[in-house]
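Line by line, the protein sequences give chains A and B.
In terms of the numbering used here, the first sequence is residues 1 to 682.
In terms of the numbering used here, the second sequence is residues 1001 to 1638.
These are computed hints drawn from the structure, not numbers from a lab.
Predicted model only: the values in this text are computed from it and were never measured.
Hints should not be assumed to be uniformly reliable.
With a straight-line Cα cutoff of 25 Å, these simulated DSS-like cross-link-like pairs (lysine-lysine) come out [as the list claims (entries may be wrong)]: (1) B:Lys1073 to B:Lys1110; (2) A:Lys40 to B:Lys1499; (3) A:Lys524 to B:Lys1258; (4) A:Lys473 to A:Lys492.
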Amino acid sequence: MSTCNNLKILQVCVLLVLSLTINAQEFKFGKVSKKELLEKSYPLDSSANAAVLYESKGVHYVYNQSEKWFQLETEVFRRIKLYNKQGFIHGTDRTYLYKNNVSEEVVSGLKGVTYNLENNKIVKTKLKKDGVFKNEFSEDYNQHQFTMPVLKEGSVIEYSYKIVSPFVYNIDRIYLQERIPIKKLAVKIEFPEYFNFKKFTTGYLPINLKETFSNGDFVYMPDPKTPDMLKQGLGVTGKRTKRKQSIIDYKINVNTILSSDVPAFNIEAYSGNAKNYISSIVYELQYTKFGDNIKNYATTWEDIIKTIYSRAGFGEELKKSNYYKEDLNQLLMGISDPVKKTVLIYEFLKKKMTWNSRHSVYTRNGVKKAYKEGVGNVAEINIMLTSMLSSVGIDANPVLISTKDRVASLYPTLDGFNYVITRVRFSDGNMMYLDATDKYGEPNILPDRVLHGAARIISDNKTSQSLNLRPKKPSESISRVQYQIDTHGLIKGKANLYNMGYLAHRFRVRQGEESLETQEKRVKQKYEISDLEQYDVKGIKDIGKPVNERFEFSLEDQVEVIDNEMFFSPLLFLKYKENIFKLKKRVYPIDFGYGYINTISVNIKIPEGYQIVETPKEAVVQLPDNMGSFVYRLKINGDSIQVSVAETLNESIILADKYPVIKEFYNQIIQKENEQVVLKKI
Amino acid sequence: MQKKIQLLLVAVFLCTFIRISAQDDLSLQAVILDSVLTENANAIVRSEAVEIQINSVNSVTVKNKRVVTVLNKYGNGYADSREYYDPSTKIKKLEAIVYNSFGKEIKKYKKKDFMDRSTYDGYSLIGDNRMLYFEHTPIGYPYTLVYESEVEHKSSAFMKPWFPVVDYHISVENSSYKIVNPNKIPLRYNEKKFDGYPVQIDRGDQEVSYVISKVPALEPEQKSPALKKLVPNAWVALKDFSLVDIKGSAVDWKSMGKWQYDNLVSGRDQLSAETVQKITTLVADATSNKEKAKRIYEYVQDKTRYISVQLGIGGWMPMQAQDVDRLGYGDCKALTNYTKALLDSQDIESYYTVVYAGKGKIDIDSEFASMQGNHAILNVPNGEEDIWLECTSQTAPFNFIGNFTDDRNVLVIKPEGGEIKRTKKYAPEENIMTTTATITLKADKSIEAEVTSVSKGLQYNKRYFIKQKPVKDQKLYYKEYWDYVNNLDVVSIKLNDDKNEISYTEKIKVSATSYMTKAGSRLLVIPNMFNRVKRRMPKYEDRKTALVVPRGYVHTDEYIINIPEGYTLNSVPEKKELETIFGNYTYELEKLSESQLKFKRFLKMNDGTYPKEQYEEYREFMSRVRTMDKSKIVLKQQ
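Taking the hints into account, I'd like the entire structure generated from these sequences.
Okay, here's the thing in structure tokens:
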């Protein structure tokens, strides 16, 4: 019995081993098959121009004898199938290698081969030196590129190389999805027990991660004269001591991810930062531990906040107050209301400071210098703001932000933030979010980069909490238009358009620097106005107030005159022209940033000698879960028609499963708004 | 300095020229500014002084002092903040000082404050062009930036030109340019569009200087000539010059072409016997040289791809043909030279040709020989006919250069010297799109339609790339192309690209739930569903520049429209015809039966240049076409 069982187990083992080996064989460098070369298109996605047939990525630490320290190595091996000429861009690989004054990342061991099928024979062409290009890209990065030779439709290329990095505390984000499909992907991340990482993942695809352990050792020969990183923690604790050198055994954490048939990553419009949706895994160093010597990098939000505060460019800068004291006293003389004080300080800084477009949680030149020059990065400006507010007894705290262009951090990470704003809490519980980098900003109206980002508030006791900055209240626009139609079908009218809240902010950001002439041109072009007069825009500089555009217009070809009848859609240029959502399906959410209420009222006077024969019917379209609504009303009053429209979207983010509903919502609006009024000659 | 024959956009090309200027007694305040200069301006070039000293053929020192007052954020890019360099240039001096509107110094950038990085041109894999730059954050407007540099160039083949008005919305208070030539190396200059501008010219013995002052800012106008043709610019060339390390001498296109042939092009065409054999077999049964050339061109398209590498002399000299043969890639120079080598192997005459590529037609100046152009194509003379080959495209049909290099002067480089030729012009009659459709209207406002378009010439050029996109993007393309049809559904797409005939056929089935609008018992419908002039031309109170319509076309549309049962068209609109010098338009509806209409549309647009006074007439024509294109008919329920 027992023998039998053992035999069975043995069989299973052999099978397992065998199948693993076969797999490894299949994707060994150089083992490209005819089948792969003959494949005409990617079976699961015929639109793919190229596909990764196999990719392996191994990240591990290697002990370097001469440095007496670890280095981080990333081994990359890719086999890519190029189905057609559009796929050839994947025949070029580009890597950016970080460097600083002391050390730099390097690429080594590059080899590459292009495989083509000629007369039913596999022809190999090696990548040579003349296909490799190195370049100092900027002060922080070198660029390493290569392009594969002899690409043809149907070629398979293979390449492998190693990136050796001295920056052992930082494992780059590992992408588990690309712009082209991946047939098989094997990722292995190994890190010694000394390094403790936390991982987080992004994307909509399941990630099959396995965690195991293995053992490693290295020969450690301390130099008696010079201290090294390991000495303190490890001492000479190695079990197998050989003269002055010890052999150190250590445990290795092994993470493996195997996936297959990974679909291509596609970008969809209106989804904020699409990179938030690509499948990837990120490793964030928590702490290092050499023997009893533990050094924390970050674990909890509290730790991260502490770390950030302990950095010179944050906590210390927040405490400084001498540089502005005098100006502040003058500014707030005789003011005691906390709201007034807050707004005054915020407006003062907005005016005084110009943002240099740089993102960072930390100051660069320091608040003092920035204050003196009137220019600073976001940390300098908003740390200044927080500090000023706190110094006069306002409950103000920094809010850490990961801006729209970044991948939102899901777990506590130090690198998760690149921006900072300020939150004020008043005694009545009201909150004010402030960003003094934005000249068009106002309390609780934040720039796009912040609004679409992710946020975390830090309280005085250094605890923190995540925040959603998207406003609960929709922003409003009101449009009032009156016009009359003459007997030739020409329209003359007046428009009075108001934008408030975020809609006013958007207007200011887009149009704030434009001259009146440019505005006129824009309005003429956008609304297809043949003659524009008395154009005026008010409130661009009066931040906090609505932006108001008024103008008189005439339109030539809005009314269709056919025989004795006139046809026109009453909203004129205020109606939607097309549905922005054209795709049938969607995978990612739609991120509007803020909800809105557009109210339109139109008053139309019909030409003399005509009567109203047909008008659009009143209608109400309601979105589920109070997401929004559309109301269309119409009244006839003698020879005039009044139309009023209210379009409301309460949600700032709409999940992908609601996409068909939203698409249909706009479709209905467009249909309704296109409906015609018919006038007939009496 | 200007760099290398490669695909450069003209805008970028112009911007990379650094200009400068002079007097020390400049008033740096920007409180009181001349209204002539501030009108329409985003920045004012207060003073610019360029002094070019020709030390020898391989040493040219360019001193540049440029003072710019920036009036608003759009003017920021026009105050210098960067100096380009490469291995053959040396930046000797670099400094910038920023003054506030009162003329008080607020910030100074010394050479060590400048950062260093490689410049990415947007398409090259690698190049050796770099720049030193600083990023200035203005704290208010206006501000004035004084930029000074001194750069020594080893190459003298490119002389920095004078281009005082760099862009629209930029005015010039003063700009000067001076060539100092102590060794009297013979000099030629080429002055463009000086008429109408107060340029002071001072010509010495092999020296020249220009000064201009008080040039108001220009506003861009649609369909106008290129800026270069509207404002003064001057170009200088030396008889004896050097390019990286190659010495040269030229006085006209013949000698310039000869030098380029001898030093850059010739001797780079060796091929292995094996490759020659392969090509010989490939063309063995071809009956004419044209057929042979076509097979070779298609062979190159199939074998190679475009990879741009611009290092050192490689910016001007093509890669060896045998390297392209081995690697299967190259830039425009390399692929042109490779195709030429393959043609040579079959005794087919062809010439490496330098051109300014881009949608805007820019000529190689036939009157002024110098290093010009940004792209290479191949000229294959075939009896009376010239065949032009765009060797960087893997998809273009044989002898089809499209709007990338059409209708312009180019430099054909022959062993005996250079020759200016003009590339093919695509006449309106060649750029045709013929569309037929069957449209079925339904009583519930929905429609179904099947549409077929055949495109040729530049109309082909505009569309054939769609076939290379994935189906999902093709659908999106049609949804956007016919964006005026709400809720359009693209049911099926069939595309055929006939590269032999250079003819592109699209067969599309679409449907839409609410193409028509209902008004009581009426259905309103726009018969022209598939081809509308959408763009609206702006009206100018006072148009300043000529009207340029660079290319023409002919569109013919004919749709059969099935009317829903129970509806009828009471009155058939009259046939409309417009005839102008700009083009002709016809709009016609015909009632075939009670249930069927025929819609016919014809639009021919002519190319041409017209005086500015005629712009308004052109705008009216286009506007009337646009209005008619979207005019409705009424179907009434019986």
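Original post:
Checked against the structure, which of the hints given earlier come out wrong?
Top reply: 3 and 4
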